[in-house]
Amino acid sequence: MTDTLEQIQSAVKIASFKSRGRSVEKRRAKNPNKPSAAWTITSRIGTESGIALSIVLSTIGCAHARSDEGGCTMCSYLLDGSSRNPSSDELFNQFQDAMSKLDKESAPLAVKIYTSGSFLDTEEIPSDARNQILKAIADDDRIREVVLESRPEYVQDSIIAEVRAILDDRIIEIGMGLESSSDVVRSLCINKNFDLKSFREAVEIGKKHNVGTRAYVLLKPPFLTERDALLDAKQTVRDAIDAGVSTISLNPVNVQSSTLVEKLWKKQRFRPPWLWSVVEVLRYAHDAAKNSVNVVCDPAAAGKKRGTHNCGKCDTAFVSAIRQFSLTLDVHVFDDLTCDCQSLWEHTLKHEDVSLLVHR
Amino acid sequence: MTEFRVGRGHDGPARIGEYIMGTEVFETPLLTGHSISNEKMLQYGTLGRDPSNSRPTIAALPFSMKFEDIDKAGLGDFDSVLLPSLISFSSLDDQTSVLTLRHQLDAVDEIKETVDPSRLIVRIPENIDIDDFKSYIDDFHSKGIRAAAFMFDGYLGSTDLDSIILRSNLPASWLALALGKIDPSTVPLLYYTGFDVIDTGYAYETAATGVRLWRNDSEHIETGKQQRICSCVHCESIAGAKHSDLIDILQNHNLDVYVSILSESVYAMKSGRLRWLVESMTHVSPNQASIQRQVDKQIYSFIEEFTPTTGADNVPLIGPESYNSPAVKRYRDLLEARYTPPEGKQIVLLLPCSAKKPYSDSKSHRRFLESIEGALGSASGRVAQVILTSPLGIVPRELERIFPAANYDIPVTGDWDAEETSLGAEALITYLNKLDPSCTVVAHVSGGYLGIVKAAESRVSQSIIYTTPEASATSWESRQALQETLVDLKRVLQLKDTPPRQLEEIVRATADFQFGTGAGNILVPKNAKLGGKPYRQIVCRIDKEQICSFIADTGLLSLTLGGAKLIAPLNRYWVRLDAPFVKGGSIFAVGIKEADLSIRPGDEVIVLNNQDEVIAVGRSEMSGREMCELKRGRAVSVRHKVEV
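Those sequence lines, one after another, are chains G and U. The first sequence begins at 1 in this note's numbering and counts up one residue at a time. The second sequence begins at 1001 in this note's numbering and counts up one residue at a time.
Simulated from the structure, these hints should not be mistaken for lab results. There may be inaccurate statements among the hints.
Said to hold, decoys possible - Pairs of lysine-lysine residues, derived as DSS-like cross-links and limited to a Cα-Cα distance of at most 27 Å, are as follows:
hint : chain 1 : residue 1 : chain 2 : residue 2
1    : U       : Lys1225   : G       : Lys313
2    : U       : Lys1066   : G       : Lys13
3    : U       : Lys1565   : U       : Lys1593
4    : U       : Lys1066   : G       : Lys197
5    : G       : Lys112    : G       : Lys313
6    : U       : Lys1496   : U       : Lys1583
7    : U       : Lys1066   : G       : Lys234
8    : G       : Lys112    : G       : Lys304
9    : G       : Lys313    : U       : Lys1242
For clarity, every value in this text was computed on a predicted model and none was experimentally measured.
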């Protein structure tokens, strides 16, 4: 990178840090025995349909977001976490509390564990708590699939070997926020602080232990035009598939509080991506995946002004088609989507590039 | 090589010119867009993303494009190139704005082997500090870049105003582009403030949402709803058109609205009425009015610098936007700074203005003059006549033929607002304070004019006699009252006869106004001989040598070489050449070494050679700054020159 690009990156870091303000300090101490959130949805599990439980453990949150590095420009998930790090026992209590939602469900089940940070970071989740949780899953025959989430630097050979050993023959997937395969976009626009190489290494470690990897692909970080963002997401999908991931999860940026994205959005200098763009990336991903890689998308705040949206008239139809696609991988659900706002989206693609004026 | 050539003509910073891209020559001002409706428009697109074109285009470089890929991406040999930048990044703070300029500067170095710098266009970030802006523009200038693109978000708020203000700090030789959301009603203002290329992207954006643009309005087209009548060829088939066809129809219609309003603006510029057009657009919306007022307030000196000394025969001054228009404010400023009332005046007669200009040609003023003559006879020369008017303030009789005093046209209702009254009172105070306190002021005015005098009264030292405060100044009774007052004053003040000095008073006052205080006494010394008529031409000679002549049509003086030599020591309105003498009838900017920065287009200028000798006089075609900065273009039309 040139000196100037390094200075741009450092300016983004500072701006991202400033946008957090006192939001991280002001987090309240939550009940350490309850998870931040837990919900179940119908989901694809292997080739069948079943119930997936998502658990967001209440932890101190992402180390990158807590640090002077400022965290990612679009993310304030750590605000769901707690100001005090729970003990290992408390973490296990959180897990059990969430698992009660599956009491009446039958196989096949999936469990996804999120932490607003990294499940494999021992500062967030001590290894005894991690292993206790994984063993509890291993003891539950109904659970066929386990999804964990982590930054790639914590996806280390010894840890993955241990995870594999505990979970035995379960389908395991580690979700990682690749966001963009462009190092420039990931560092300048997202402030994510790792490079493509460490992501690729994590995927390789996963493969070695028959652990799948899920690439979170970000659609439209700040400082990109709609078309920059669209093209970058497609390229990222392509690169993630080439790296050997098992799932592509497309995440259109939504405007989260106390982030740089929110600051720009309030100044009319950011618009979340169009649903048209989301659909175009999903179509592309579906083609590129050739049915060997899973493609999912569960957009947050979709159809709302803080989330991916179109003109307002067609948003509901788009969002339901996207959810349908994630369940079925059937790309034809998009075939009937039409709306007058398509021309405006196409205009935005062309005109933002030339004018560098954000089209709202 | 790509080149921007500024052509001849000005009305404010607005100009015409040519943008030469290879073999294609685009006349500026110029419209640009993704879709163009005629070959005079310039197309733009994004390199590697939009289809390339056989004609030259403006190609935007995506931030992510690697510089080594530019060639393969299909850049045309004569395409201009918008340098890469990160959208919204400069909105963070003034330092990030600087970084986006620095990044573009790096890019210039990377691609200058592939793309000649003359083809590059700098994107000006928002939030940039003016001094940073100037210093970076210097850097780009030294690398050969001559074009800058400014962003408009269409709200006519601080972003748009900042872009206009930044543009006012661009060197005169640079091409200025306005990109973003630009409503047709803003086109005259952008042209007026010196933008040469204007984005029509909004024509498509509105079309895509079913909106038909009008010159100063817009209309949402809905099927089954009554529509406005449009006689344009595109709208013939609008009734019952399918959505996709409707977009095309509206886009073509909307583009034509841009074409039409730009053409209207250019025509107005050429006839000296662009300011009037711009002022008329302030009624489109409150935002339009506020940005216009902010422009007048914040970059008045830039607008004034390029506003010609003379203008249209008829200058309508209609609303508050006119009070500080450059021609008007400059008149007031010059009058205050340069005008000295003639000597020997004992009475100051304040008169109302007339609709017909010059005032002397109006019926009312002919009668006022008869009353003066009737009352004072050969002592009439003891009276200084001053006309009160808005928004010029005051016009001394000697200057009634100067621009814009002889040309302005205002709605006359007799009701003056507070600002007008205050402008008039200030001008009157300044004027009277230049006169002997023993002078007697006769105020032959009523209504709003009276308000001006009353507002000034406590701040002047002369005593004021009101002739007819209750009735119209032009009525027979009022004129009788005026005559009686003057007859009384002649007796009380024991006014002595004085030879007529009207010609020298006109020439002296005009000389001071035109060339600065002192010029009048130099060009019309005691021994000067004057001949001619105020309504045609007055010739001034010293020892039989013609020095200058006053041309009634323009209200200005033309100098001879002799006159120019006399006032050269004042060190004003000079143009210095890098040559011993003048060849031909025009002087081009390229041959000018230095010029007085106070020169405006249309000024009478004195041409000096490299030995500082007067070698010609003529009329400037551009402002002094342009003479210094431009490498091309006619700078002075020579009237007289030293023959060799």
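Given pair status - lysine 197 of chain G, lysine 1066 of chain U, alpha carbons within 27 Å: Holds: lysine 1066 of chain U and lysine 197 of chain G sit about 20 Å apart, inside 27 Å.
Given the hint that lysine 112 of chain G pairs with lysine 313 of chain G, does the C-alpha gap stay at or below 27 Å? violated, 33 Å
Has the given pair, lysine 1496 of chain U with lysine 1583 of chain U, been kept, meaning a C-alpha gap of at most 27 Å? Measuring from Cα to Cα gives roughly 54 Å; hence the hint is violated.
Checking one constraint from the list: CA of lysine 1565 of chain U to CA of lysine 1593 of chain U, max 27 Å. Satisfied? Cα-Cα ~20 Å, so holds.
Straight-line Cα separation of lysine 112 of chain G and lysine 304 of chain G no greater than 27 Å? Between lysine 112 of chain G and lysine 304 of chain G the Cα gap is close to 25 Å, so the pair holds against 27 Å.
Sort out whether lysine 313 of chain G lies within 27 Å of lysine 1225 of chain U, counting only the CA atoms. Within the cut-off at roughly 20 Å; holds.
Within a Cα-Cα threshold of 27 Å, do lysine 1066 of chain U and lysine 234 of chain G meet the stated pairing? Distance of about 18 Å is within 27 Å: holds.
Need the status of pair lysine 313 of chain G, lysine 1242 of chain U: alpha-carbon distance at most 27 Å? holds, 19 Å
Straight-line alpha-carbon gap lysine 1066 of chain U to lysine 13 of chain G, limit 27 Å: holds, 24 Å
When each numbered hint is compared with the structure, violations occur for hints 5, 6.
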